[in-house]
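**Student:** Taken in sequence, the protein lines are chains X and E.
Add 9 to a position in the first sequence, counting from 1, and you land on the number used in my numbering.
Add 25 to a position in the second sequence, counting from 1, and you land on the number used in my numbering.
It should be emphasised that the hints constitute simulated quantities derived from the structure, not laboratory data.
The structure displayed is predicted, hence computed values, not measured ones.
No residue lacks a Cβ here, since even glycine has one placed at the ideal position from N, Cα and C.
Certain hints may be false.
For each label pair, taking beta carbons as the anchor points, the in silico distance ranges come out as [claimed, not checked]:
no.: 1; chain 1: E; residue 1: 83; chain 2: X; residue 2: 34; range: 53 to 59 Å
no.: 2; chain 1: X; residue 1: 47; chain 2: E; residue 2: 93; range: 22 to 28 Å
no.: 3; chain 1: E; residue 1: 54; chain 2: X; residue 2: 241; range: 34 to 40 Å
no.: 4; chain 1: E; residue 1: 132; chain 2: X; residue 2: 35; range: 23 to 29 Å
no.: 5; chain 1: X; residue 1: 191; chain 2: E; residue 2: 169; range: 54 to 60 Å
no.: 6; chain 1: X; residue 1: 192; chain 2: E; residue 2: 165; range: 48 to 54 Å
no.: 7; chain 1: E; residue 1: 241; chain 2: X; residue 2: 49; range: 29 to 35 Å
no.: 8; chain 1: E; residue 1: 165; chain 2: X; residue 2: 46; range: 41 to 47 Å
no.: 9; chain 1: X; residue 1: 34; chain 2: E; residue 2: 132; range: 24 to 30 Å
no.: 10; chain 1: X; residue 1: 142; chain 2: E; residue 2: 241; range: 55 to 61 Å
According to the in silico footprint, chain E covers these stretches of chain X (three or more CB under 8 Å from chain E) [as the list claims (entries may be wrong)]:
no.: 11; region: 29-43
no.: 12; region: 298-311
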Amino acid sequence: MSPHGGDGSAAPPLAPSLSGPEPWHPVTVGVPGPEFEARPPGQYAFDFPDSVCDGWSTDLLTLRFASVRGAKHRYYRQPRQDAARAAVHEATGSIVFAVADGVSSASSSEHGAVESCRAALERMLHLLSGSQGPLDFQDVAHHAAERLRQLAQWRLGGKAPEPAEVARLYATTLVAGVVRPDRTGGSVELCRIGDSGAWMLEPSSGRYHPLFDSKTGSDTVLVSNEVAPLPQVPDRLEGTTARLSPGQVLLVGTDGFGDPLGDGDGHVGSLFARHLAVPPPPLWLAHVLDFSRETFDDDRTLLAVWPRATAEPR
Amino acid sequence: MADTKGVLLPAYVLADESGSMGPYQGELSDGLVSLCEGLRAEPMIAAKLRLAVLGFSDDVQVRLAVADMRTETSLPQVAIRGLTNYGAVFDDLLDRIPSDVQWLRGEGYKVHRPVVFFLSDGQPTDGKGWRRPHAKLIDKSQTPTAPNIIACGIGDAQAATMVEVATRPEFAFVAKPGTDIGQAISEFFHALTASLVASGQALGSASPQLVVNRPEQFTMAIDEVGQ
Numbered sequence: 010m011s012p013h014g015g016d017g018s019a020a021p022p023l024a025p026s027l028s029g030p031e032p033w034h035p036v037t038v039g040v041p042g043p044e045f046e047a048r049p050p051g052q053y054a055f056d057f058p059d060s061v062c063d064g065w066s067t068d069l070l071t072l073r074f075a076s077v078r079g080a081k082h083r084y085y086r087q088p089r090q091d092a093a094r095a096a097v098h099e100a101t102g103s104i105v106f107a108v109a110d111g112v113s114s115a116s117s118s119e120h121g122a123v124e125s126c127r128a129a130l131e132r133m134l135h136l137l138s139g140s141q142g143p144l145d146f147q148d149v150a151h152h153a154a155e156r157l158r159q160l161a162q163w164r165l166g167g168k169a170p171e172p173a174e175v176a177r178l179y180a181t182t183l184v185a186g187v188v189r190p191d192r193t194g195g196s197v198e199l200c201r202i203g204d205s206g207a208w209m210l211e212p213s214s215g216r217y218h219p220l221f222d223s224k225t226g227s228d229t230v231l232v233s234n235e236v237a238p239l240p241q242v243p244d245r246l247e248g249t250t251a252r253l254s255p256g257q258v259l260l261v262g263t264d265g266f267g268d269p270l271g272d273g274d275g276h277v278g279s280l281f282a283r284h285l286a287v288p289p290p291p292l293w294l295a296h297v298l299d300f301s302r303e304t305f306d307d308d309r310t311l312l313a314v315w316p317r318a319t320a321e322p323r
Numbered sequence: 026m027a028d029t030k031g032v033l034l035p036a037y038v039l040a041d042e043s044g045s046m047g048p049y050q051g052e053l054s055d056g057l058v059s060l061c062e063g064l065r066a067e068p069m070i071a072a073k074l075r076l077a078v079l080g081f082s083d084d085v086q087v088r089l090a091v092a093d094m095r096t097e098t099s100l101p102q103v104a105i106r107g108l109t110n111y112g113a114v115f116d117d118l119l120d121r122i123p124s125d126v127q128w129l130r131g132e133g134y135k136v137h138r139p140v141v142f143f144l145s146d147g148q149p150t151d152g153k154g155w156r157r158p159h160a161k162l163i164d165k166s167q168t169p170t171a172p173n174i175i176a177c178g179i180g181d182a183q184a185a186t187m188v189e190v191a192t193r194p195e196f197a198f199v200a201k202p203g204t205d206i207g208q209a210i211s212e213f214f215h216a217l218t219a220s221l222v223a224s225g226q227a228l229g230s231a232s233p234q235l236v237v238n239r240p241e242q243f244t245m246a247i248d249e250v251g252q
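Next up, chain X with everything else stripped away, as it sits in the complex (with noise of 0.2 Å):
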């Protein structure tokens, strides 16, 4: 593993005239994937670009995140099908936010994944402009789902779509919370439809506690194949609370990161406990999370909140 190139070799400069800042070179771990350059995506993909990222701080807490296109959607030409948003409440300064990650079976599932981390966010915001009770991520969950069906009945014409249509064109997981700041960090509220994942890092010591059930955990034979996810809602919805203390980092991630991570103990979790010990460039983020392993071809997106008496961000 070696963020700097697999053998640890500098490679040569790109013009002898040039003088200043290496170029970045790729991230891999274990044995890498095929290198290509990317192809482009459909035509009218253009609103969904290779990559993304985002990075701000409040007065108590950082946010960064990063989505990043997968090797196997660079070479089929395919977009990136996972989102991410995030927002300040400004009212109390809590941090809302959102991961998708569009189903590859529906055919337009990156427009799922954007508009349900977009209705996720609006509705969060809403509710916790009239409410400091819990958040009700049943009443989040359907907007997202009504968004979903909204968007199917407009690219039908008018047409009230079946939910089994909905799903064909837009169906996407999504992991949807909160984090309020207070003195001794943050308390998370958290939610879950479909397989992504959330841990709580802690940088100091490489552990990563998951905080939703993992489909690939150490202890399952097979991987589970069923995923449900938007426009379905289930009964029960998957919810969790965690406390974000000093020392912690709030990891919510698609299972782009998940699988390669693992249980967190090998060499990505390594990687990602030492590059997120203190909130790096959002640009940063982006390219370590694109780091190379062979298999592990799928768009991977990251959402990373810090407490900010941590560390200052660089």
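Following the hints, put chain E in place on chain X, whose structure we already have.
**Tutor:** The following block gives chain E in isolation, referenced to the frame of chain X:
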């Protein structure tokens, strides 16, 4: 450190080598070659598959052990022989699949539910004897690594039998009446390669689904049974 090396789909091709397949040995061999070459042409997909080819008649013989097709250089060779003992297939898979999954997990991989592609040109010559090992093989409570089975019948293989062998009605196919058997075998391998490539593309996504393409010149067996 324990890293997940990848998430793999073990795929098993069960090729009927009974005597009645004799005239079509060439198509069977060519189909296997095209399957191997098709996967080698898609290294990103092949990296996530492990392919085994098993020939069956009176017993099961390994023609290709669970292999990474990016690096496998040998081509599976079939040998025409004996009868059409379905029971031997399912008895063999009852031992083989859990053992292979355990081995792959021991190598540091996570494993998707295995998939079996079953091709036969005849009715089982072991009567109803195959039903007990088959039932045990596909029962997830008895066999946690129970595979998905896609069954394709050609020649004398009947639609109702293929529906029984397959784990879902839409996974059972029979060649259309009057179809040239050699051509049907070629189409089987063409669809098999396409199914594996499409399934490989869906692996590691939010909804890793098994994609099963109907071979040209085949119909869904359940439609035949219903007529």
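**Student:** Please go over all the hints and tell whether each is borne out by the structure.
**Tutor:** Here is what the structure says about each hint:
Checked against the hint of 53 to 59 Å, the C-beta distance between residue 83 of chain E and residue 34 of chain X comes to roughly 57 Å, which is consistent with it. For the pair residue 47 of chain X and residue 93 of chain E, the beta carbons lie near 25 Å from each other, so the given range of 22 to 28 Å is met. A hinted range of 34 to 40 Å for the beta carbons of residue 54 of chain E and residue 241 of chain X is inconsistent with their spacing of about 46 Å. Evaluation of the 23 to 29 Å hint for residue 132 of chain E and residue 35 of chain X yields a pass: the beta carbon distance comes to about 25 Å.
The hint said 54 to 60 Å for the Cβ distance between residue 191 of chain X and residue 169 of chain E, and at roughly 45 Å that hint is violated. Between residue 192 of chain X and residue 165 of chain E the CB atoms are about 50 Å apart, so this pair conforms to the stated range of 48 to 54 Å. For residue 241 of chain E and residue 49 of chain X, the hinted distance range of 29 to 35 Å is satisfied, since their beta carbons lie about 32 Å from each other. Look at residue 165 of chain E against residue 46 of chain X: about 43 Å separates their beta carbons, and that is inside 41 to 47 Å.
Take residue 34 of chain X and residue 132 of chain E: their Cβ atoms lie about 29 Å apart, and the range 24 to 30 Å holds. Residue 142 of chain X and residue 241 of chain E have their C-beta atoms about 60 Å apart, which keeps the hinted 55 to 61 Å range intact. Residues of the region 29-43 of chain X with a Cβ under 8 Å from some Cβ of chain E number 4, which satisfies the need for three, so the listed coverage holds. With 5 residues bearing a CB less than 8 Å from a CB of chain E, the region 298-311 of chain X meets the requirement of three and the coverage assertion stands.
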